[in-house]
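Chain order of the listed sequences is V and S. Residue numbering for the first sequence follows the numbering used here, beginning at 1 and increasing consecutively. Residue numbering for the second sequence follows the numbering used here, beginning at 1 and increasing consecutively.
A portion of the hints provided could be inaccurate.
[As the list claims (entries may be wrong)] What follows is a list of derived Cβ distance ranges for each label pair:
| # | chain 1 | residue 1 | chain 2 | residue 2 | range |
| --- | --- | --- | --- | --- | --- |
| 1 | V | A113 | S | A72 | 30 to 40 angstroms |
| 2 | S | G175 | V | G42 | 38 to 48 angstroms |
| 3 | V | Y36 | S | K302 | 35 to 45 angstroms |
[Stated by the list, open to error] The calculated BS3-like cross-link candidates involving lysine-lysine, where the alpha carbons are at most 30 angstroms apart (straight line), are:
| # | chain 1 | residue 1 | chain 2 | residue 2 |
| --- | --- | --- | --- | --- |
| 4 | V | K316 | S | K205 |
| 5 | V | K240 | V | K205 |
| 6 | V | K316 | S | K316 |
| 7 | V | K317 | S | K264 |
| 8 | S | K205 | V | K317 |
| 9 | V | K264 | S | K316 |
| 10 | V | K240 | V | K222 |
| 11 | V | K264 | S | K205 |
| 12 | V | K101 | V | K114 |
| 13 | S | K240 | S | K205 |
| 14 | V | K302 | V | K264 |
| 15 | V | K317 | S | K77 |
| 16 | S | K240 | V | K316 |
Derived by calculation from the structure, the hints in this document are not laboratory data. What you are looking at is a predicted structure, and each value in this text was computed from that prediction instead of being measured. Beta carbons: idealized from backbone N, C-alpha and C, even for Gly.
Protein chains: 2
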Amino acid sequence: MTEAESNYIPAYDDVVAARERITPYIHRTPVLTSSYFNQLTGAELFFKCENFQKAGVFKVRGACNAVFGLSAEQAGKGVATHSSGNHALSLSYAAGRRGIKASVVMPRTAAEAKKAAVRGYGGEVFECEPSTTARETMLEELVARTGADFVHPYNDHRVIAGQATCALELHEDAGPLDAVVAPIGGGGMISGTCLAMSRVSPDTKIYAAEPTNADDAYRSFKAGKIIEDDAPETVADGLKVSLRPRTWHFVSTCLSDILLASEKEIIDAMHLTWQRMKIIIEPSSSVPLATIINNRELFAGKRVGVILTGGNVDLKKLPWMNTHALT
Amino acid sequence: MTEAESNYIPAYDDVVAARERITPYIHRTPVLTSSYFNQLTGAELFFKCENFQKAGVFKVRGACNAVFGLSAEQAGKGVATHSSGNHALSLSYAAGRRGIKASVVMPRTAAEAKKAAVRGYGGEVFECEPSTTARETMLEELVARTGADFVHPYNDHRVIAGQATCALELHEDAGPLDAVVAPIGGGGMISGTCLAMSRVSPDTKIYAAEPTNADDAYRSFKAGKIIEDDAPETVADGLKVSLRPRTWHFVSTCLSDILLASEKEIIDAMHLTWQRMKIIIEPSSSVPLATIINNRELFAGKRVGVILTGGNVDLKKLPWMNTHALT
Numbered sequence: 001m002t003e004a005e006s007n008y009i010p011a012y013d014d015v016v017a018a019r020e021r022i023t024p025y026i027h028r029t030p031v032l033t034s035s036y037f038n039q040l041t042g043a044e045l046f047f048k049c050e051n052f053q054k055a056g057v058f059k060v061r062g063a064c065n066a067v068f069g070l071s072a073e074q075a076g077k078g079v080a081t082h083s084s085g086n087h088a089l090s091l092s093y094a095a096g097r098r099g100i101k102a103s104v105v106m107p108r109t110a111a112e113a114k115k116a117a118v119r120g121y122g123g124e125v126f127e128c129e130p131s132t133t134a135r136e137t138m139l140e141e142l143v144a145r146t147g148a149d150f151v152h153p154y155n156d157h158r159v160i161a162g163q164a165t166c167a168l169e170l171h172e173d174a175g176p177l178d179a180v181v182a183p184i185g186g187g188g189m190i191s192g193t194c195l196a197m198s199r200v201s202p203d204t205k206i207y208a209a210e211p212t213n214a215d216d217a218y219r220s221f222k223a224g225k226i227i228e229d230d231a232p233e234t235v236a237d238g239l240k241v242s243l244r245p246r247t248w249h250f251v252s253t254c255l256s257d258i259l260l261a262s263e264k265e266i267i268d269a270m271h272l273t274w275q276r277m278k279i280i281i282e283p284s285s286s287v288p289l290a291t292i293i294n295n296r297e298l299f300a301g302k303r304v305g306v307i308l309t310g311g312n313v314d315l316k317k318l319p320w321m322n323t324h325a326l327t
Numbered sequence: 001m002t003e004a005e006s007n008y009i010p011a012y013d014d015v016v017a018a019r020e021r022i023t024p025y026i027h028r029t030p031v032l033t034s035s036y037f038n039q040l041t042g043a044e045l046f047f048k049c050e051n052f053q054k055a056g057v058f059k060v061r062g063a064c065n066a067v068f069g070l071s072a073e074q075a076g077k078g079v080a081t082h083s084s085g086n087h088a089l090s091l092s093y094a095a096g097r098r099g100i101k102a103s104v105v106m107p108r109t110a111a112e113a114k115k116a117a118v119r120g121y122g123g124e125v126f127e128c129e130p131s132t133t134a135r136e137t138m139l140e141e142l143v144a145r146t147g148a149d150f151v152h153p154y155n156d157h158r159v160i161a162g163q164a165t166c167a168l169e170l171h172e173d174a175g176p177l178d179a180v181v182a183p184i185g186g187g188g189m190i191s192g193t194c195l196a197m198s199r200v201s202p203d204t205k206i207y208a209a210e211p212t213n214a215d216d217a218y219r220s221f222k223a224g225k226i227i228e229d230d231a232p233e234t235v236a237d238g239l240k241v242s243l244r245p246r247t248w249h250f251v252s253t254c255l256s257d258i259l260l261a262s263e264k265e266i267i268d269a270m271h272l273t274w275q276r277m278k279i280i281i282e283p284s285s286s287v288p289l290a291t292i293i294n295n296r297e298l299f300a301g302k303r304v305g306v307i308l309t310g311g312n313v314d315l316k317k318l319p320w321m322n323t324h325a326l327t
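Go ahead and model the full structure; you've got the sequences and the hints to work with.
Written out as structure tokens, the structure is:
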């Protein structure tokens, strides 16, 4: 991206273009309902199952939009990012589908399984020391050397426009919604949701759901400016990162509120979702349901969309295996 | 049931009637596909997701057909069965929906979680000593005392006709199939599948999938008569029971073959399904996929329906937690 592009705030037309661009490479994921959870919450819930998405996560939407929007010349130089999580998988998947190179800078301490998963989708892993400086330095060098296009996990207009296609589908499949609740980390999914819904259903309230242990977006929202957290610890490991200008724009102007859930509430909601809906979601995905259970009065009697963002978990290390709090 | 009824072999008309009877009380479960598994097997697979069914298992189909087919007089006396598994849950669910009593004889040693689940659906638990004799004796006494209708888990024409509705839906949603693969324990699901497909798609081959460790149906099929296993041990705990006359009728006349899978193959297929499809299935449900992987040459290039029978697992005790064989 050029400097001018990187400051650009995406508009609804970008979402329409993204949708056309990425449709061949992603799943139209189903919207599921659960009479059990409707009864538990008093609301009518519509779960958008991005855990069934390609690469197991909504982030392929933004990654595909970035990758398939590249000029042929830029595509020839590949794409790059630093990530040890779902964005790394998603960018590798998207690049693989276009047949171009994806370079991913990962800390050498990252789990071998995650490195293997990136390679499995065709990405190339560059190992760095486990610090932010080392990661950014290596990425800069890599971009300078190869001319690869840096695709940020969320502070990127192409990525936000791509994520927005998820809310469009939810709106079409669930019908009119009083509210949508989605998790917030860096704010890519929430920004896309705001961008889409503000056009197709402006009366729908958008709530972000965040772990109390990583409540930097909550504090930012209340303070009216970005507050960054220094290395928060939460089981919802996709939600540790902080807001950036492109996502702060949507968070500060479109959200109704940010709701919080404790670690135990997040794990309980995840366990209950596995048990009752028979679907695998990662901890980050259960934060919205945990906040809906916490705020029954806010949602009871309402039609509420819930975005289940992803399903990538280590099946050998489940969070309830280490807690005595659950029964 | 009267004696004459208990010897009755259900016909296609019974399936049509069952479908009309049970539709309000069950889910029309989705048929999912997986590009990963298509690539792995060389076949085009259509997964019928009965793990998403009410009570988490296909058995509510048969249980609902039995319960909602009772006369008002009989319904007033309730239903009864002995089971420590999915049939207990399913009959309790069905009786609860009709507002009648379900009595379930369970060994006192059964997991408290299972007893709690039966009670959660409104069933009443009667605890007996953990032996077949104790179980049958207590059930006979209970039926004699209350006049409750005994609903056998599979050797019952109403149950078989109910299970058959699953294959009808699969046929409608997946389109023409070259084969259907379903697990076999007592044979209720397989019998229903034979009953439905022999009418709506007589050229579709039906395969039963069974654990090598509990291969009594396989040995029966090869021997041409029912051979009962004495307390087999398999992780696919829904498949330990033996064939009975009503299910032997279908197994001996309609099946193309019975295919086997080892414990490791069953666990691997289950793990891979969780990991790749992000859905929770119980070990019994992964036996068909394990046999398809084992018999690639039989299914490659074919359109194959796979019945995922249920999703009721203890999330704290997963089979890959105790094995070093998986990577």
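- Message: When the structure is checked against the list of hints, which entries are broken? Sort them ascending.
- Response: Structure breaks hints 1, 4, 8, 11, 15.
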